[in-house]
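Each protein sequence line maps, in turn, to chains C and P.
For the first sequence, counting from 1, position 206 maps to 206 in this note's numbering; every step adds exactly one.
For the second sequence, counting from 1, position 104 maps to 104 in this note's numbering; every step adds exactly one.
Misleading hints may appear alongside valid ones.
Repeated chains share a single entry, so a pair holds when one copy, or any two copies, can fit it.
[Claimed, not checked] With a cut-off of at most 25 Å between alpha-carbon atoms, the simulated SDA-like pairs for lysine to any residue come out as follows: (1) Lys666 to Ala516; (2) Lys552 to Ala657; (3) Lys656 to Glu687; (4) Lys241 to Arg263.
It should be emphasised that the hints constitute simulated quantities derived from the structure, not laboratory data.
Number of protein chains: 2
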Amino acid sequence: MDENAIFYAGRELSLPVLNIVQLNKTLHVKGDEEMKTVVNDTFWNRYKELVRTGMIPYQWKVLNDDIDIKIEKERNDASIPSEKSHAIENFKIAAGRTKGEHYGWVFQDSDVYKWLEAAAYTLKNHWDDDLKKITDEVVDLIADAQEKSGYLNTYFTIMEPDHKYKRLGESHELYCAGHFIEAAVAYHQATGSQKALDIAIKLADHIDASFGPEDGKIHGCDGHEEVEIGLMRLYHLTGEKRYLKLSEYFLLQRGQDPDFFKRQFREDTGKPAIGGLYNAPLTYFQIHAPILEQDSAEGHAVRLVYMCTALADVAASTGNKDLEAVCRKIWRNIVDKRMFITGGIGSTVNGESFTLDYDLPNDTMYCETCASIGLIFFARQMLRLSADGEFGDVMERALYNTALAGMALDGKHFFYVNPLEVVPEKSEKDPTKSHVKVVRPDWLGCACCPPNLARLIASVEDYVYSESGKDILVNLFIKSEMVRGYEDGEVTVRIDADYPRDGKVSIHVNNSTKDAVKIGVRIPGWCDKAGGKVIDGNGESTIEDCAVVAEKGFWYAECSAGATDIELELDMTPKRWYANPLVSEDVNKVSIARGPQVFCAEGVDNGDNLHLLMLPKSAALKCSWQDELLEGVEVIEADGLRTVAAREGGLYRTTKAKSSEPARIKMIPYYAWANRGRNEMRVWLNEKE
Amino acid sequence: MDENAIFYAGRELSLPVLNIVQLNKTLHVKGDEEMKTVVNDTFWNRYKELVRTGMIPYQWKVLNDDIDIKIEKERNDASIPSEKSHAIENFKIAAGRTKGEHYGWVFQDSDVYKWLEAAAYTLKNHWDDDLKKITDEVVDLIADAQEKSGYLNTYFTIMEPDHKYKRLGESHELYCAGHFIEAAVAYHQATGSQKALDIAIKLADHIDASFGPEDGKIHGCDGHEEVEIGLMRLYHLTGEKRYLKLSEYFLLQRGQDPDFFKRQFREDTGKPAIGGLYNAPLTYFQIHAPILEQDSAEGHAVRLVYMCTALADVAASTGNKDLEAVCRKIWRNIVDKRMFITGGIGSTVNGESFTLDYDLPNDTMYCETCASIGLIFFARQMLRLSADGEFGDVMERALYNTALAGMALDGKHFFYVNPLEVVPEKSEKDPTKSHVKVVRPDWLGCACCPPNLARLIASVEDYVYSESGKDILVNLFIKSEMVRGYEDGEVTVRIDADYPRDGKVSIHVNNSTKDAVKIGVRIPGWCDKAGGKVIDGNGESTIEDCAVVAEKGFWYAECSAGATDIELELDMTPKRWYANPLVSEDVNKVSIARGPQVFCAEGVDNGDNLHLLMLPKSAALKCSWQDELLEGVEVIEADGLRTVAAREGGLYRTTKAKSSEPARIKMIPYYAWANRGRNEMRVWLNEKE
């Protein structure tokens, strides 16, 4: 098989991977009214290849305990299982193929499911018989581990078969089910596997038979939202409304019976799987109020954004305005008051949770990789509710900063927590900062993030475009081609760009339908000046500043039948950003961003004690592309100052240390930090007026 | 009995409490070559009366579970016993007077001992038959709880009689013993009680028989230093060198066998009394290195300063220069790199510990009340090693700021943790800040601080003066009278002052010996201008600036036989203080202090979001005494600015919020904060250049 062959939905396409010019000719099946996208982008190809050739095989070995790595606990906590992964072995035991005990977190199964989902997306884009053989075997293994009833969870099958669905606050049974359903849908779409889909349907039906408002069913939901997302994907694939209704039921059930988890726990005689979880406040599970009354981002950050992803999906799929209103309120709360400039969320390690408005500590925060991935999911669903560029802005902010920072450039080391400020000695000597790792570990005791990132990167094409009514939206500037079929033809949108290195974006639209189509191009919120040009059969029209004429962040071009070229030039001049003064941590500080990328200073470039650096307000920010550095990054440099501090002498003085020396401040994109060993890092620099 | 009668060492003195002019006539017993001091100070009399009339009776009720109060956990931790105190009941059970189980921390006994010690100091100054009856009964109870062997600890006597001294890492047996010995010495000195002293000697002898380098003895020390202090006090009282040697042995044993605690724990079959303690790093117990090799302040802050107190005492008592060198190194590390401006120590809640140099976070720190009390003990012992004003400076800083902040003005509410910056919602919504209380609780699950503060205040006279060789040092400016007897007469030093309200200090020296005596008056490190005058038989000599001529912080006056008057005027103009730039938390911030008192801004005076306040560098600091406020405090006001922050709108902007409005910034002394309900507080204010 040709190594360069490109596949889509299991069918070999006629073009090599690096040439998608003619993709539209082979991609579209008449009447297939969905957007199909292939990415062929300088920045993203590297990441996608890293997933395909690095992460997928590496993570497969990890899941099989077939590699000699150091698994680190995500924080100092004796209860964290970190001896091995054991995830595949758990399935083998549950399937009766081997004997043994379950090992790992109660949600260890989801590591396999997310890996399978990532593999599915990879196969969709790049067929690989060897990988397909492995994934089919994984599906077979999962099928064997599934009980006859449809129930699927290795922990309870092996360890506590009499306690299924009896401790939903901690059990993660539905959470794992949701991840399997997502993987199965993706795998079915990529390979046509009916077996995966059958397991998912059997599992979903078992859940549907077990939960719901009817008498005899359990009136409850899972402690960790996720099944709601899986059920919606299964609904979108199959059209089966029961799955939609069940997803909606689980969502609306939140907060209806706040004592449910604790009551189940009191009544169940099984062994707790996650000690102490029931001491968490109700907000941790988003059950502190009926979901329709929730209006702020509370509790465990990943849970919250997973909940919102499903909520927005249900709202967009049903037109339920009440659910939509909840999504919008929580969104506003996150974006206006609880999000770090890097797109990170979750201000405290305790419960990996949100805290309160404007509480955004740069050095003790959580900013879990998975939480930013979930925020991207949420933003994508919000784009279905309305064409508002802000959703794309946040998606892009989380994607290009915190999500990518979750992984080393080698694809084999991972952050769970993504700080905005690190002093290595503080993490090492203050156990309250033990969650803030300084260098990405090989793997983590709780390995939710690495495969989550793999599935996101492997499917990044699904975030580039979206539909809003009859309009097609361009959300991200990733070099790619998208085909949307209609009854009477198709619309192809091709983006040509070298983003985020360059701000020039060419969009080629080909419309073979009889109606004109409106293409909305997001003018990023970070961009206050963008030039645009539309060239079609009627000639050329130039728009001086697209940022001004954009409607809610989108600049629209009417594309009649035939070809239309849209030329966009985003101003990539680096900018100084300031936090709302209510963020006490960022007073007198400045953050530098270029385009969507937030920059940071590292010790390796700037020496220790980065807090001594001062960036003058007037200092020129000089950009240069450095091909050799960190797989190629833009570097920003500025003439700054460094306060001269005496190591000796008293701590407190009545005269302020005024002496400073010139310091050339060098910054790199945040996502690329911590790839040159243990060192300090800082996003918010002290500013000198 | 006359309510105003004043007592010293159990003997009624002839002067009323508010008039000590003639104290020297009655105080001194010929040949009694010790300093004896009585305080009669406006500022301190209030506190001492609060201890006598408020804290002692209140705490007695608490220890007897005879009062309806809310006991709060010192932080979110399910394992903290907070139902009741049960401390006296534990003794009754151990004494066989009642039946039951031990309740509370394994070191609950020490609450009773510290209370008894405080009561002893109170009795010394103010005889009270009713209190004496209670304290005698407590001594009787303790005597009954003591085992025949001399062993004394209610937890082990009741719960684990076969596991004595077998889990020293956690058991606090010697820690409690040390506190009893201290109490017994104080009680003996105050009341002449032989019974208390006998229990202490029997206990000390039992420890001496159990521990030491000899074969058959346990070669170990306690996880929490304290017995070393108690043994030194018993040595000073009795002259028995075995106690000095045993104290020195325990100190030198630290770090000799770092696995000792864990090995004992592994080998012992008893039930752990404090879960998880063995996961603590060796630094927590100061056993990471042999004590002679320790040169920085590591681990649990209270343990460290208790260790250093004993170490300095042993060094001063034996002339051991190696031990002295260790004290000096650790002192330098604390004072130069690890002490908050309030005299608080301990930068993290995790292990209530020191972290690393210059790591002084204002909002997550620990700054335990007991740790500052221990720092005062340490400083007092250091003054025996050399006449260096810095020891007095630190003593004064800790005393007038963090130690006193540990108690509400009503004497009935207590802080364990003393933050320099509090936003109530953050403590309430971020469990990682759950240790930072916003309002002082009635009592604490771990009640080490309240009685520790009571014994410190009740004996504050012991910190005012000290001896350095033949010189007498005046360390604190507390209105008081001290008599030092010599073979051929006595020296009386009387301080007249209204400090810290006023900087004028008159010192009257009367020397009835034939030799001249040098009186060293500390010129505080915070004071860069101090006028002085000496008036004696030879006339008057004026010194323009005592701060300049002071030797290592002391300005000396040679006092020949007869009367000498020393007049000192310390400049109390409030000053701006800046932290060493290496303290990243305090960059661009300023702290205001007047004399020894650090000031802070509270929400009740300045509104919420104190971080929005900016104190211009040029703003005049206006002082005014407010008699009605907070039992009488100096208030500092300044014309500052408040950044105008929009609650709505984006979190991040390319333009800096510049709008500000005038704000009158009002500050009060730090020790008096949190006496007007739940509100924000901040010591370090943002400064505007």
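Hints, verified against the model:
Taking the shortest Cα distances, Lys666 and Ala516 never come within 25 Å of each other, neither inside one copy (48 Å) nor across copies (66 Å). In this assembly of identical chains, the alpha carbons of Lys552 and Ala657 lie at most 25 Å apart only when taken from different copies (24 Å versus 47 Å within one copy). Taking identical chains as interchangeable, the C-alpha atoms of Lys656 and Glu687 lie at most 25 Å apart whether they share a chain (17 Å) or sit on different chains (11 Å). Taking CA atoms no more than 25 Å apart as the test, Lys241 paired with Arg263 passes in neither setting, with 31 Å inside one copy and 63 Å between copies.
Comparing the model with each numbered hint stated earlier shows that hints 1, 4 do not hold.
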